Amino acid sequence: MDFFVIDTVGDTGNRGRVDFPTVPKLPKPYVSVFDGTIPVSAVEVKKEEEQSEDDDDDDFGGLPPPGESITKILTTPVDDMSLIVDYKKQSQNVRAFRADTRASKSKGRSTNQGITQKNELNQTDVNAEMKSAVLTPSIEKKDNIARLGMSEAALRKLNRAERQKTKGKDWFDMAAPEVTPELKNELDLIRMRSVLDPKKVYGRVEKRSTPKYFEIGTVLESPLDHFNERGLKKTKKQSLVDDLMADAEFQKFNKRKYAEALEKRKKKAYHKVVLKMKKDKKKKK
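Numbering (the UniProt record's numbering), first residue to last: 1 to 285.
Calculated from the structure, these hints are not laboratory results.
Please read these numbers as outputs of a predicted model, since none were measured by experiment.
Yeah, the Cβ is synthetic: ideal placement off N, Cα and C, and Gly gets one too.
Check the hints yourself; a few may be wrong.
Claimed, not checked - Ranges of calculated distance between the beta carbons of each label pair, as one might list FRET restraints:
#1 A175 <-> V201: 40 to 48 Å
#2 F227 <-> K252: 27 to 35 Å
#3 M192 <-> K266: 35 to 43 Å
#4 K131 <-> T76: 23 to 31 Å
#5 T235 <-> G149: 52 to 60 Å
#6 L240 <-> A128: 51 to 59 Å
#7 F227 <-> V201: 29 to 37 Å
#8 A161 <-> E260: 32 to 40 Å
Sequences are here, hints too, so could you generate the full structure?
Here it is in structure tokens:
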């Protein structure tokens with residue numbers, strides 16, 4: 001049994017021709033050869049790009065480029081000077097620019113809120129700025145520069161110390177004065193005023209200790225004292241202690257009371273000695 005059949009005659013229908021499938025042709029390779037010349041179109045495009053870049057670089061904000069004189073700009077009035085505004089780099093007159101920056105007076109919503117005639121973007125009121133720059137006698141009361149560099153804890157401690165200097169607004173900011181020896185004598189004299197004159201009765205002193213907050217006033221003299229006490233003003237003393245030391249009757253009364261106090265103290269001391277001797281005798285027995 002044969003498995004393979006070999007055709008030795010071939011295809012007689014094509015008259016002895018053999019057809020092969022068509023193969024698409026590849027494009028011809030392009031090889032660019034630089035001959036040292038540049039096309040005219042490329043040169044024109046390059047010149048236009050360089051010119052546009054030069055225009056952008058030469059923007060000096062309305063000032064002339066370096067090397068040119070600026071005398072023309074200095075002599076030109078401000079209202080006639082042209083400015084470059086907005087992103088479109090369009091120049092327009094200063095008056096028109098001011099009109100655009102002012103607030104709109106229409107009933108609708110303003111596009112430039114917060115911009116008024118007094119607050120112009122292109123003008124500074126030098127006189128108003130100089131008024132605030134003038135030093136006044138009360139300049140040190142406006143801002144305490146020493147507090148600017150202090151921490152919060154230091155500020156709280158300082159404020160607490162400041163509050164302790166006065167009693168508070170309910171007491172009309174009564175101050176706590178420094179107690180000097182002269183002031184201490186005045187306070188002791190007021191506390192012991194009931195001893196000065198036995199015929200006068202005073203109320204009981206509430207506190208034995210010296211109060212922290214107090215004030216001492218001055219008695220205003222009557223206009224009639226100018227005639228009634230003429231020649232006595234020079235003899236008046238500045239404090240209560242000085243007046244008492246200059247009073248002869250008070251000196252006499254004070255000496256008598258002092259002698260009586262010594263006698264009482266002696267009697268009391270003798271009585272203590274007698275009691276002590278009796279106790280010692282009892283212990284010996």
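In rising order, the numbers of the hints this structure does not comply with
1, 3 and 8
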